[in-house]
Structure formats: C-alpha cells, structure tokens
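Chemist: As they're listed, the protein sequences go chains A and B. In this text, residue positions in the first sequence follow numbering that gives the first Met the number 0: the first is 0, and each later residue adds one. In this text, residue positions in the second sequence follow numbering that gives the first Met the number 0: the first is 0, and each later residue adds one.
Heads up, a few of these hints could be off.
[What the hints assert, rightly or not] Listed next, the in silico DSBU-like pairs over lysine-lysine satisfying Cα-Cα at most 35 Å (straight line):
1) Lys163/B x Lys404/A
2) Lys326/A x Lys158/B
3) Lys61/B x Lys482/B
No lab work stands behind these hints: they were computed from the structure. Just so we're clear, the structure is a prediction, and the values are computed from it rather than from any experiment.
Protein chains: 2
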Amino acid sequence: MQEEKTVTKEARPGNSKAIVIFKPFGTVANVEVGTLLLDAAQLAGVEVNSPCGAQGRCGRCKVLVEYGEVARRSNPKLSSADESQGYALACQTVIKGDVVLVVPTKEEIQRRPAIETAAEKIALPFVCDWRREPAIQKLYLEIPPPSLADNTNDLDRLKRELAKRLGIKDLVVSLPMLRGLSRTLREADWRVTVVLDMRNWLPGGSIPPRLIGLLPDDETSTNLGLAVDIGTTSVVVYLVDFITGKVVDTASAYNAQVSCGEDVISRIIYSQRRDGLNHLQRLVIKTINDLITELAGHNHIHADDINEVSVAGNTTMTHVFLGLDPKYIREEPYIPTMTVPPRVSAGDLGLAINPNASVYCMPAVGSYVGGDITSGVLSSGLFQTDRLTLFIDVGTNGEMVLGTKDWLITCACSAGPAFEGGGVRHGMRAAAGAIEDIWISPQNYEPTYRVINNISPAGICGSGLIDLLAEMFVTGVIDKAGKIRRELPTPRVRMGDHGPEYIVAWAAETASGNNIVITEADINNLIRAKAAVYAGLSVLCNSVGAKLADVEQILIGGAFGQYINVEKAIQIGLLPDLPWEKFHYLGNTSALGAYTALLCKDMRAAVVDIARKMTYLELSADNSFMNEYTSALFMPHTNLEASLR
Amino acid sequence: MQEEKTVTKEARPGNSKAIVIFKPFGTVANVEVGTLLLDAAQLAGVEVNSPCGAQGRCGRCKVLVEYGEVARRSNPKLSSADESQGYALACQTVIKGDVVLVVPTKEEIQRRPAIETAAEKIALPFVCDWRREPAIQKLYLEIPPPSLADNTNDLDRLKRELAKRLGIKDLVVSLPMLRGLSRTLREADWRVTVVLDMRNWLPGGSIPPRLIGLLPDDETSTNLGLAVDIGTTSVVVYLVDFITGKVVDTASAYNAQVSCGEDVISRIIYSQRRDGLNHLQRLVIKTINDLITELAGHNHIHADDINEVSVAGNTTMTHVFLGLDPKYIREEPYIPTMTVPPRVSAGDLGLAINPNASVYCMPAVGSYVGGDITSGVLSSGLFQTDRLTLFIDVGTNGEMVLGTKDWLITCACSAGPAFEGGGVRHGMRAAAGAIEDIWISPQNYEPTYRVINNISPAGICGSGLIDLLAEMFVTGVIDKAGKIRRELPTPRVRMGDHGPEYIVAWAAETASGNNIVITEADINNLIRAKAAVYAGLSVLCNSVGAKLADVEQILIGGAFGQYINVEKAIQIGLLPDLPWEKFHYLGNTSALGAYTALLCKDMRAAVVDIARKMTYLELSADNSFMNEYTSALFMPHTNLEASLR
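Bound-form chain A, shown alone (with noise of 0.2 Å):
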C-alpha cells in the first residue's frame, strides 16, 4: 500500500492525533488518540459491519491491528487467543497512536435473482384513474413573451396560461424553483414544459397545485416516479412510468446501514451515538441513490425525471429516513414521533432526482406496525375484502393484520432475527453459499441441501434453518421440545463445543473449511422466534372471538415470506395448520404498495385511512400472549387442538 510510506515509525509524543490506515482499502484516516476505531472508520467511510449497533454484543466487527497501539475493553467475544494474534472488536478498542488496521471483507452483497421480479410481471392491484387524474402532470407551454403594454410579472404570467389550459386559479411555487423562473423563460424563449404536482389539488379546493419543475422545450414525452421499499435489510427500487402506469425496471440492493446493526433495535442503538442518527441517514439516502443511478444508467434517463418518490418502510426506518429521532420507538410505551409522515422535497433529503419532487412515507399504525405493513394491507387489497383474512409479513418482526374491508386489527411480536439468520451460529441472510432448503433422509439421518448459487455453503439462511427445523422435527433428530436426540446412530448429532448439535454440513463441503452445525442453543432460539408468532396470530384471533380456522385466506407478504414452504412452516407450528389453498403468496407487498400510492391518487388517501381505522393491539400490554407463547414453545404446539379453538 503505497499510503503505508506516510507513517512514521516513531511514536510522537505530545501529539494527540493519530493516524489510522484500513488495508485492504488502503484509506487513511487522522483521529484525535481514544477514538473508538469503529468510529474512525466511519470517518473514513470504511464500512465495518456491526450488526449489534456497536454494543460489542456480536463479535462481527472483528479487524486485525497488524501495526501501532490500541487500547480493547475485554470482552466475552474476543479471546485471548484472538487478542494475541492482533485482533480486536472496533467498537471496543480505542486508538492510542498511529495503526494500521485490516478490515475483513465482507459478505459478498449479492442479489438473489429472485427479489428481482421481473418487471413486466408487476401490476397493479386495482383499477385507478390515474390517466384521467395523474398526481404529477407535464404540461409544454408557448408563453406569450412580455411587452411594455402587456408588463405582468414572470410568475403571474406563468399562472395565466395554466389557468387558460388547467383551468386552475392558483400554484404553489416554492422559493428555489422562483429563483430559477425568469431565467428558464427567457433562455427557453418562452417555449417550456411545466411539471405540476397535482397530489394536493382538489378541484373547487383551496389547496393549489404545486411547481415542481421548468424544463426547455416539449420535454412530455418522460414523467417518471419511483417506489421504495426501505427494509432493516434491503431497500427496493421500483422505477415507474407515468405515462404507461408500468414499471419500467427495478434494483434492490442491502441497506447499507446493515453495517451499523442488523434489526431495528440495534440502529436505534446505534442512532443515539453521536452523529449516529445522521449517518443512518446518510447510508440508507446513498443506498437509495446508488439503486436510482444503477436504473438511470440501464434504462437511459435522466434521474432528475423522477418527479415523484413514495417510501414504504417500518416505523423505525421511516423515521431514520426522515433524520427524525427513534429513540423513543424503543422505550416504553414505545412511541413514534409521528405516523403520518408530512410531505417531504426530494432535495431536502439529499435524493439524487428532481430536488422539487414530493416525497411521501407510507403511513403506520404505531412503532411496531409501520408503513411497510400499511403497504402491505393496501397491495394485498385486504382493505377491500369480504372474507376474514389474516396478513403476515415475518421478519425480524413478525407484523400481522386480521380484518375485512369494515375492520382491521394488527399487532406485532418481537421473533428476533433468527429467521433472518441471526442469533444462530451459522445463520446468514439470504446471499450467496447460504444454504436455502434442506431434507434429511429419514432413514440415516444424512441432509441433502441447495446452496443459493450452487457455491460451497457458508451458512444456512431463514428459509433453511425453517426447513432444517421441520426436517429434524419430522424426521426425530429433535424432539417436541427442541433437544436434539443424542442417542442416533449417526455421526452427524454429537456434542460439541457449544453443545449438542447436528452437522448440517461436513468441513470438506464448505466455503470457510470448517463443520457447518446447528446447535440445541440454536434451535431454542428458532422455537422462541416461531412460538412468538403463532402466538400472536392466537391473541389476534382470541381477542375478536375468532378461530384461526375462521380465517378464510391467509396472505404472506414481505421478501422472506417469498421464499419459506409453507408446508415446513406449518409442520415447525409458525404457520397456523390450515388448508395449503388458504395461503397466498404475495411477494413485496411493501414495495407494491408504495408502487400503487404512487400511481393512483386515491390509494394515497386510502393508506392513510388504513392507518388511522387499524386496531393495534399491544402485547407486551396482553397477558394471554404469555400464555399462549409458552404453550407454543413446542414443535407444533403444546395441544394441536387448541391451537385452532
């Protein structure tokens, strides 16, 4: 690394600066000596995952100080074995002179070609009058020029022609879009194209359309919009045609804010750092940004075409998105700032498209039921329904909406990120050398699996470890109570350094060279993310009076529920045991939600009265959820029958 010649050798006393290089990158950083190394290197902009939120909880920020002093507070993560190689957890080692830190290359962010649904396969859920009454509105204007005898104003002369062709007596015209008025006029030569946001106008109504651009020329024939699906994990980009209503292409890409903690727990956490907020905000804005350069440069347009954005996202990310504190979405009694999110410029945010572009949040129901979720209840068109039917979006939350088009009731369960494979030694997400689905015979007990790209299996993601679970339960590898069945005669159960555990996968198979294992410890931890969620589908139901049987059609949305078998699901007890015809599969309902609030005006109106008419109903206030979760803390439940009362 050339940058390591800029180092000098010597200690400097009396000098309070340090400097810090990150190989592989070879970026430098010059820090005050006692910097947390974790925060040096988010100075430098090196990304060092930390999906605890810096709590030095999960030993994933591991980096290897190959030269210079630091200082580690000893932690339960960091043996001494790791120490005396030179290893040390950048959120708990400060720097006390000039070092040279490695940092681990990360997971290779690699997209499943599945969460790239095909573009043309997307569709609207409903009829919209959306051609007769588009929300952003290109108008090509010949403007009369002005004279000594015809001397009004630039802007008054703009609102006379608009009100000769739209009929509309008043705009919203916001300071810097005056401030670049007379001169587009004039360099056009009177001859522009308008974009007017028409989200707000109500005919006869007293609130205007708003200016949000003034281009050159007949610019009519492009008017694009964007959908956004903003996930503790990954963020979804949907590019949209307004004059089409298609979408015209779409990209997804990890939430770069994964590096500051995996759930949404951890980057409230992290948020309460200092500047901590800022750069959450920062990282899911460049995310975003990166996802609509990547679009602008396949479908060649320009990214200050998008004229409109609208954002589905849990309670947390949305408030993070916004710069607005999320501190206390986590304390008792768990309070957002806000559910209704107020119209936001795209400029003021820091999105790369038109600066003037609206920016609308999807609505939530309180802190653990967010946008995402009112996304979801308005793609999958429960909110229109006869039938009793249940939504479920499993994550690291697992959020669930019971109703008809009269009600709807909602609450949500902390199941902890094993599904999303973490709080399992060998849980990854969903990214490639993850092993997806498992069956083990259940005549020797040996597994058979499919590894995301057909790569050497470095982990096991969610719908694995669902699988994996159903797979040992049906076969006897594990009891109803989760302990693993040490008397089988196979090599693969045995006790290990962390317990009993089953070996998924032999040293010589995998990537890293070492036994891919599923430990008791593990698997208590996918009984307790399972029985969370069955419970809460039991309170939902218990506290209308309902049955689980009752429910007429079962409607999974979200990325993860894509991918798990619902046969699986129902034999391990987090799906409700009901007729497979009765279960849907919906995909990104979030993303498809944002999608149809961007498209159709009347959707905009309907989340928010999804939001503000949805029942929710909080948990940890409920003493039956206890209840329920305990007895179902076995593989199905404790009583079958009374499970579906």
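Fit chain B to the known structure of chain A by using the hints.
Modeler: For chain B alone, coordinates are given in the frame of chain A:
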C-alpha cells in the same frame, strides 16, 4: 501591520497565486494572479465602496497601491497624477503579483437622530382585531404523557391537545420542527409552550395553523415580531410586541449593499457578477441580523423569540433579499420574477431569529413600484379615503400614487441619484458633515448653512441641494434655466475647473480644506431630477382627467420626504404649488406599512389587494411624459398656469 512580514519581497516566478494585504485592516487574501482588486477585497471581506456597481464610472473605489505590481485599465476617473501617486480603481485593476493596498476609510456611517423615530410615537394607523385573532399565538400546554394504554404518537398527541384547547383540526408541521418534537416534549416533561402561526388559518377553511415553535415550560409572557424596511440606502427595523401591539424599539443602519452600488440599477449590475447576487443577499441579511443583535441586546430579549417578520422594500431590494435574480427588472420591458412573494422561513434566508418564523414581503405592483410603495399606501390610509389623494415617495426614483378608496394609479420616474447626493460634485448622503439647510442673502449672495452634527462641512445632502437650488433661484444667482448669472458682484460666482460654479463653503471652512461648490452641471442634474418627478405627477393626473389643483391632499412618505422643505420644493417646481395645508409628512411609510401588516391579519390581505388593484402607468411608453418633462426643465415650470391646469 504584523501581516506584512508574511510577504516575500522577491517575485515568485511560475507561481500564479498572489498575496494581497489590505491596510489599514491588516486583512490578507490569497488570490489568483489576474484577479480584480475589487474581487480580492470581496474575498477578504474588505468593503470597498463601489457605488456604480463596478462599472468604472464613479471613480469611488479608488485605492492606493503601496507595494507590488498591478495592471490598470485606463479610465477618465483616474488622472495620470493619481496614477503616479499609486492610486488605482479597484474595479478596473488586476493583480499581477503580491500587493499591499491602502483602502480609504469610508464615509462615517452615522445615523441622524431623526431617523430613529421614537418608538413610543409609532402607532397603528388603523384599528385592528389583532388581540382577538392574533396571527402568532403562544399557548402553554400540559399534555398527558403517553402510556401503553394511551399510545398515540407524539404529533397526534400534540394535535389532540390543540384540538381540545383551540378547536383546530389539523396542524402544519415542517420536517425540521418535527425532528425536535419528541425530545422537547419529554425533556420538558410534557409541559410546553407551542408557538402557532395562524396567519393562513381561516376558521372553517382548509389551511391549518403552522407549528413554528415548541419551548419547554410556560414561555407565553413574550411574543415578538419584526417589521423591516429595506431601503436601497438604509435598513430600518421595528421590534414589535405581539402582546401589547407596541413597537418596543427601532434600529437602523446603512444597507451594507451600498458598497456594491448606490442605486438599484448599480445593484442589479453588480448582481450579474459571479456570486454577485449571493453576495448582495448576504450583505442585506447581515445588515438586518446586526440590527437584530443590537435590538436584542438593548432590550434584553432572545432573538429566537421573534416569531414573524414583515418586510417592505422596492422590487429590486425584495428580489435580492429573497435571492431572486433582478436582472430582468432592468431590461425592457422591465419584468420582475413575481410581485406577490411567497411565504419563506427565516431559517431559509439566514435570518438570526426563530428559524421557523414566516417571512412575508410586501407585494409589488411592478419592477419600479415595489413593496415600499404598497406599504406606504397601506400605512398612509390612502386606500381607505374618499378624498382625491396623491402619495409621493421621492428617493433615487420618484414613485407616486394617485387615487381614493375606489381606485389607485401609480407611476415611477427615474429621478436619478441627484436628490440623494449622487451625480453632484459635492453631493453626499445625509450623514455627519452634510450641509442640510441653506439660506442665501439676496443682498450680498452670501450663504448661511446648517451641517448635520454641527461639524465642518464635507458636502451637501439632498435636502440641502433643494434648499440651495431654491435660494439661488429666488435670489437670482441662477435664472429660470439654471444658468449661473456670472455678472453678479460676488466672489462666490466664478468660472471653475468644471465650468461656472457657486461657492457654498470656502476651503478654510470645510473638512477637506477644499471649496464646496455647486456647478452648472450639478444644477442641470437637479433640474432634470425635479422635472422627472413633476412630469410624473402631471401625467398621472392627466391620465385620469384630473388637474393637480384637484388633489385634496398630498401625502409625502419615505425617509427623504421627512427632511425636505415644502416651500423650497415648490419654489423649484419639485412639488406642485398647492396650499401648504394639503401637504402631510408621514415619515417612514414603508416601515409603518410593514408594521401594520405584521400586527393585523386583515391588513396583510389588504396590501395584496392594494397591489393587485393599482394600475401601473409605464412612463417610458407614454408620449405625454416627454412633453411634460421638457416643459418642466425650467424653474419652477415653463408655464405656471399650465402646471396646474
């Protein structure tokens, strides 16, 4: 100067950077070789007078090059003697290497006591219902904190309380306001003062109040606003108490833009330089902020408690204040970007008050009849009178309005800077050392004068020039055409270097040790200025079929109007020869109108109505104006009878 030691005396070949030192400030700038001296000064934050807007026409940006090499463009304002002494025009000279400059100290900016209208004298011209329906309302709330059983989000909780207290249904909350909401509510233990902007709130209407402040504890005992008059030359601010309706205090200062040009045309020219518009905007914002700091200090208030601002200024001043390009105001057909400026947040403009405070600029009629005039029509009561009334505001431009409560017609004539001391050899602003009153003896033609602050005279200000012209005319020093009677038996009349002149003050009496004179060329400039104003008045009357004699009252506004002597102004034909009792001096009608609109919601609507209903007469498109102007180029007029026809 310490900084001088940093200059290397050797030329530095191959180096395209140069160090510029400004004496007597000791400020240092590091600039590219080839930079204009004026730009270097701007970079260094050194104010160099440039009244003509850096066009090389006024010669007032003269600086002394004490050391180093510069390249001067030849310019009639710089004599070869000047040049040999080392002088250069900052706007016409580029830097060739390291230089040391001496910047002459500026005219001492000293306020005339009379500008500081005693705050207690200022009273609203109208009875307003501001106590019953205040625009800015503070309200102390004790909000029940959230619980698991009552988990409404923070924003809706606040709205719920406001609905209970004020019956309002919704609230506009900007993203920056929302960002601090949750933390403030909790840190204040749910006991807060809300600041609401009800300006746009129509009971039963659809525009909800705007949340502009949230303060811990009960802060309802103070509630302040600011009325600002941005003049081309001076800025005046009134600190207004919304609780008593009184003006608490006033302050004024020269508009710091004066260093970039004395009149609006020079400012517009300056605005077209690189960063010119931003620089001008920063200067006026700084002027206002300095006055706010002064008022806050004197009155022991927090500037953050200022919750609304009302601004009156001519169209160019308003454009520049808002950062709008004034370019097309100057180019035929003289079109401003807008006449009714949008609501802007104080924070967006950089005003050092509550950043969420609304800033409203008074509406204009056109490019040359601005918010200062509509503000004057408002505060003068012209828009409510039955009597035929003429409102005149004379400065660099003369703006006049004729009308009653039923109709209003207006025009503007370019009087030139003569009445403000510009374009006159020994003219100066109304600052310390200016001759402001003059009498001439009809026996021996000896003058008696009064000087602002009773010091040795340095020049003659506008009111002094009007006096001088009138006295010279009535005593026969000049004839009807403005020619000096060279045959008079007095040494004060003589042929000077610049043609015939009258000596007002001998060298021994003056501050500079040079004679203060008025030349025939100066007199011609003054006559042209008064002719333009008078011709404007005539055309205005003619256009509605009225005679000047029909006018029932003449209201004189503007700071300049306060000091002119009506008798003398009639003698020279600047004002029509009507009975003195018809004339009324109203003081700073522009600031008074801003104050009126700040305190009274109805008056804000009234002034927009005034601007909309005023008919603008474009004099440059009017043939009769040239005729009137030509016949007014005599004193008092060509035909006294005709003038009152």
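Chemist: May I ask which of the numbered hints given earlier this structure violates, with the numbers listed in increasing order?
Modeler: Those not satisfied: there are none.
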